[in-house]
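Trainee: Chain by chain, the residues run as shown.
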Amino acid sequence: MKSLLSLLPYIKKYKKKLTLGFIFIVLSISFSSLFPLIVGNGIDAIKSGVTSSQIIFYSGMAIVAALIGGFFLYMVRQHIIVVSREIENDLRFDFFSHIVNMPRDFFNKNSTGNIMALATNDINSIREFVGPGIMYTVQTFFRTLLTVSVMLYINPFLAMVALSPLPLISFIVYKVGRMTHARSLKVKESFADLTSKAQENLSGIRVVKSYIREKNEISEFYDISRDYFRKNLSLAKVQSFSFPMMYLLTGVSLVLVIYFGGIEIINNRLTLGNLSTFLIYLGLLTWPMIAFGWIINLTQRAAPSMQRLMMVMNMKPDIADNSETDNKITLDNIEGEIEFKNVSFKYPSGYTDVLKNINLKINKGTTLGIIGHTGSGKTTLINLLSRIYDISEGEILIDGKSIKQIPLRTLREAIGVVPQESFLFSTSIEKNIAYSHDNLDYDKVIEAAKSASLYKDVEQFPEKFQTVVGERGITLSGGQKQRTSIARAIYKNPKVLILDDSLSAVDTHTEEEILNELKKVMKNRTSIIISHRISSIKNANNIIVLDGSAIKEQGTHNELISLGGIYYDLYQKQLLEEEIQES
Amino acid sequence: MAEIKTKNDEQLHKKLDSYLLKRLIAYFKPYTRYIVLAVFLTITVSALAAVRPRLTPIAIDDKIANKDIPGLQTIMLILFGTLMLQGVIQYAMTYLTSWIGQNIIMDLRMKIFEHLQNLHLKFYDKNPVGRLITRVTSDVEVLFDVFSSGLVTAFGDIFTLFWILYFMFTLDWHLGLVTLSILPFLIYATIIFRKKIRVSYSRVRLLISRLNSYLQEHITGVSIVHIFAKEKRTVNEFEEINQEHTRENKRSIFYYAIFFPIVELFLAVSSGLILWYGGGEVIQGAVSLGVLITFIQYSEMFFRPIRDLSEKYNVLQTAMASSERIFTLLDEKPAIVDKKDSVDFEQIKGSIEFKNVWFAYNNDDYVLKDISFNIKEGEKVAFVGATGSGKTTIINLISKFYQINKGKICIDGININDIRQKDLRKNISVVLQDVFLFSGDIEKNITLGNNKITNEAVNHAIDQTGLRYFINSLPDGIHHKVNERGSTFSTGQRQLISFARALAQDPKILILDEATSNIDTTTEMLIQAAIKKLIEGRTSIVIAHRLSTIQTCDKIIVMHKGEIKEMGSHQELLDKRGLYYKLYQLQYKEDVSA
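From first to last, the protein sequence lines stand for chains E and B. In terms of the numbering used here, the first sequence opens at residue 1 and continues consecutively. In terms of the numbering used here, the second sequence opens at residue 584 and continues consecutively.
Certain hints may be false.
[As the list claims (entries may be wrong)] Capping the alpha-carbon separation at 25 Å, the derived lysine-lysine pairs in PhoX-like fashion look like this:
1. B/Lys815 / E/Lys444
2. B/Lys1144 / B/Lys1159
3. E/Lys573 / B/Lys1144
4. E/Lys316 / E/Lys2
5. B/Lys1159 / E/Lys573
6. B/Lys815 / E/Lys431
7. E/Lys215 / B/Lys922
8. B/Lys1148 / E/Lys573
9. E/Lys215 / B/Lys1027
10. E/Lys13 / B/Lys815
11. E/Lys215 / B/Lys1009
Note that these hints are calculated values from the structure, not bench results. Note that this is a predicted model, so its numbers are computed, not measured.
Chain E on its own, in the form it takes in the complex (with noise of 0.2 Å):
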């Protein structure tokens, strides 16, 4: 439960809005109060005979009453309920914009589904505690106050009477929440068992096939399915008896009211319309301990959520502007030269070194070339560059300034990076190749595609860059999408330019042609291309070959061939591969 208090800062938020809309249930619980009151009145007064324009006021009266209560209660929903959607707004922006800024790590350890769950189930859930949860506890409380105190007043007797199965309500609440709190806790526990029964088998289909499973499986799987049904049956047991046993306690009270009241009456001490004032005023209180029960409900399930939620919100990124950032270092300030210095690193969940002891100088506007095994450590060197991991020991810096000292996004502003995996967004191409500026110039995104030798494709798509990429548009082929990620890095214009074996899914025909246009683009930029391929780097002014995290040969292609060591045995291998190809 207190986990719920971290919603204070959001509730605050409201403050003028919620108060008035506790105001507004206090008015509405009171007009509506009053019904039954005006009916017993008026019953009173016909049993002791009136005129048809007395009957007509008390009928008015009761009407009038209805419709300013009903009006508070519009009051009310359009106060409480709308302020628990503006908390959910509130909460799913703060949400996003914290993982957003979370590092690469984050999203390593917590999978899409997992973060997806927490902004749509987990928010839903607190917001259903902000909003109907916090609404019905208020008038509840006050519904129950103003009637138990007019019932007192009317007949102290008879509210005791009427309120004598209270304690057992309350009692009873109290255990069947109990209960079915730890029975649904088995259930829950059953369906994960489920899912992952679930999720195993269809992982793994293709051995169960092989192995002729599917009959066995289904028994397991009917097998979790039963102890699933046997653990929600159970969890009726209980549920089901929470409704009746309400309706028969607070129908216990109505018949216990018109008992003693009937004495009363006969006694004198009571008249015929206080009754059915009374037993107005119980129908109106049984709604009211059936939504304490669904109340609880809703406290149970949110405060999971939030402490669910807290946990992600609590998690500083670590990758942030802090107090070494020197804000004075702007984009139009960085030149390109790279340097590592004794760079080492190992990812924050891992044992070994990904690089070992790094050194390496890239000059303002020239190229280098980067080939390495799977595994070698390429990507992760460029990664430490654009800092989407922190080095562990050492030092990376751009134009001598350490790269901590430049503000993350100048800094990330600064390098355009074409990762391996061409990730685009599902809207058009010309917004894809634009992404790196919130204004689209057409003929810089032309420019940027027939660079990334993308020109002719687009030109032969029915709405050429305006056709949508993704599921609700065209499917790019894979060295498509990889030319309009090369296209995106292009646009944005960067002082280093970036290319992580961003031409494996092209012919060597096409890669030689866009090694060409590339080439206009790299001129006095400093750029790195990463690559299987000895072809895509041969002209780099200076080549690394990484091999078991760390830098093993460096030159030009000439030195390296005459070298002989790891980059000439790879040369061989790709001659051989292309002729296998071409064979």
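Got chain E sorted already, so can you dock chain B onto it with the hints?
Mentor: Okay, now just chain B, sitting in the frame of chain E:
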């Protein structure tokens, strides 16, 4: 234009809804008797609920007015009795309903799961596992909510209305008409409310899905957001959708905020009318006071269910979306179905023949082109070739995971299309590159729950594959717990387990997609020894990545871009100095030097 469209959509929806409902109801059939019982109980409960106020005028007019205390006591006892009875029946009814609902849900869930087991691999290639899990889990759950809290209470509400009408009109039909005079207005208000809320609701749903897809997309693509430093813009864009979602929700709050007080107001008006008209009647002596009070109680009982019914409608809408997804899945036909007149095929010998086989995963994009080869019983064949040359596809086709487009695949001379999948796969063991382990223990991962595999067979498999040494090092031995996907085991250990799994089947044909990953030398030696034992004495097809494996094979088939380029023994092919020679230099030569 837009309005016409929504109207058409609505009609389409209605049609679809009734179609879905019909299909859903088919699942209720096995429980007809229980459902009839539940309905009967519902009618009884609602009758008992309505009977109570009916006793009020008797208590007031006959007993209290006549100061008849013993008579009042009798009435009280009757009232108390009906209450108890109502409580008991209501409990029974609620529980019975849950029982029926849970049964139907379980049937449906099993049906979906069984259906999934029979679907072909092509289907799995196209549908992400996460989405399929949702069908088996949450989509089914939503239906339960509808059934238990929706349909049954809706029935109850309708019967309650019916009973109240009955009692009102038998008690005093004049007053009954007065009470009901407000009903047309209430119905009108409800219809308007429903219309408004439906439009708003569908907009909310649309916005939720936009919100979700934005979230999904930007979480998956968060690295792009980071490297372009576009966090701020992303958050702003998100906030726009978020705001719109909130705005639309506020609109639906507005409708609720109007509707609920209006129902209360109608209730008050109706009571006022009863008081006014009934009061006049009382004065004239036509109606008793007790009856008047009863009517005021009835009018309250009458309007609440009507209000609740309008809410049930929304629950139903959500359920329809879920059931549509479920039935779409159930309508997916398994592409590979056994022929009725399949050949009975118990024990195979193990010869394999491909005759001019063409195959494409998609349309005309052929991955295998005119493939023909012959593998004799007991022969060991290695497939080699660059990635994408079609090696893996060939092994998928032998187990009939995919249907070929042209040509013929025969086992022991019989077309595999005439063999039941079960019979075929029983004789073939496939060991895949990335080993899939199930949670459970090691034994279960070897037998995969097949009772026919004896302990001896398991032990034999363990000894043959060299897994014994590893198992002995575990505290619980063969019953050592395996985590989800076997994450606590090393790649080599996982591979050995999968070898044992394949061997325990004692298959006639063994298919092995050798793992490429590098493993420490000790395990590597164990694995190489195990592979030798594994392929001994059976028809074996190996996608080889190790020279030692290739060298033990009788025949090597060299694949290139979906075609067979060369075929022969290791030495023959080397002498040829063709494609194999080059591949050998590229892929296997390091092994020699190592």
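Trainee: For the pair we were handed, lysine 815 of chain B and lysine 444 of chain E, check the Cα-Cα distance against 25 Å.
Mentor: Holds: lysine 815 of chain B and lysine 444 of chain E sit about 23 Å apart, inside 25 Å.
Trainee: Keeping to a limit of 25 Å between CA atoms, is the pair of lysine 215 of chain E and lysine 922 of chain B held or broken?
Mentor: holds, 19 Å
Trainee: Can the restraint linking lysine 13 of chain E and lysine 815 of chain B be considered satisfied, given a maximum Cα separation of 25 Å?
Mentor: holds, 23 Å
Trainee: Measure nothing beyond the straight line between the CA atoms of lysine 215 of chain E and lysine 1027 of chain B; if it is 25 Å or shorter, mark the hint as holding.
Mentor: holds, 15 Å
Trainee: Is the straight-line distance between the alpha-carbon of lysine 316 of chain E and that of lysine 2 of chain E 25 Å or less?
Mentor: holds, 21 Å
Trainee: With the threshold set at 25 Å, check whether the alpha-carbon distance from lysine 1144 of chain B to lysine 1159 of chain B stays at or below it.
Mentor: holds, 20 Å
Trainee: Mind checking the alpha carbons of lysine 1159 of chain B and lysine 573 of chain E for me, to see if they're no more than 25 Å apart?
Mentor: holds, 20 Å
Trainee: Holds or violated: are the alpha carbons of lysine 215 of chain E and lysine 1009 of chain B at most 25 Å from each other?
Mentor: holds, 13 Å
Trainee: Measure nothing beyond the straight line between the CA atoms of lysine 815 of chain B and lysine 431 of chain E; if it is 25 Å or shorter, mark the hint as holding.
Mentor: OK: lysine 815 of chain B and lysine 431 of chain E at ~17 Å, within 25 Å.
Trainee: Hey, lysine 573 of chain E versus lysine 1144 of chain B, does the alpha-carbon distance stay inside 25 Å?
Mentor: Distance of about 19 Å is within 25 Å: holds.
Trainee: If you draw a straight line from the CA of lysine 1148 of chain B to the CA of lysine 573 of chain E, is it 25 Å or shorter?
Mentor: holds, 20 Å
Every hint from the earlier list agrees with this structure, and none is contradicted.
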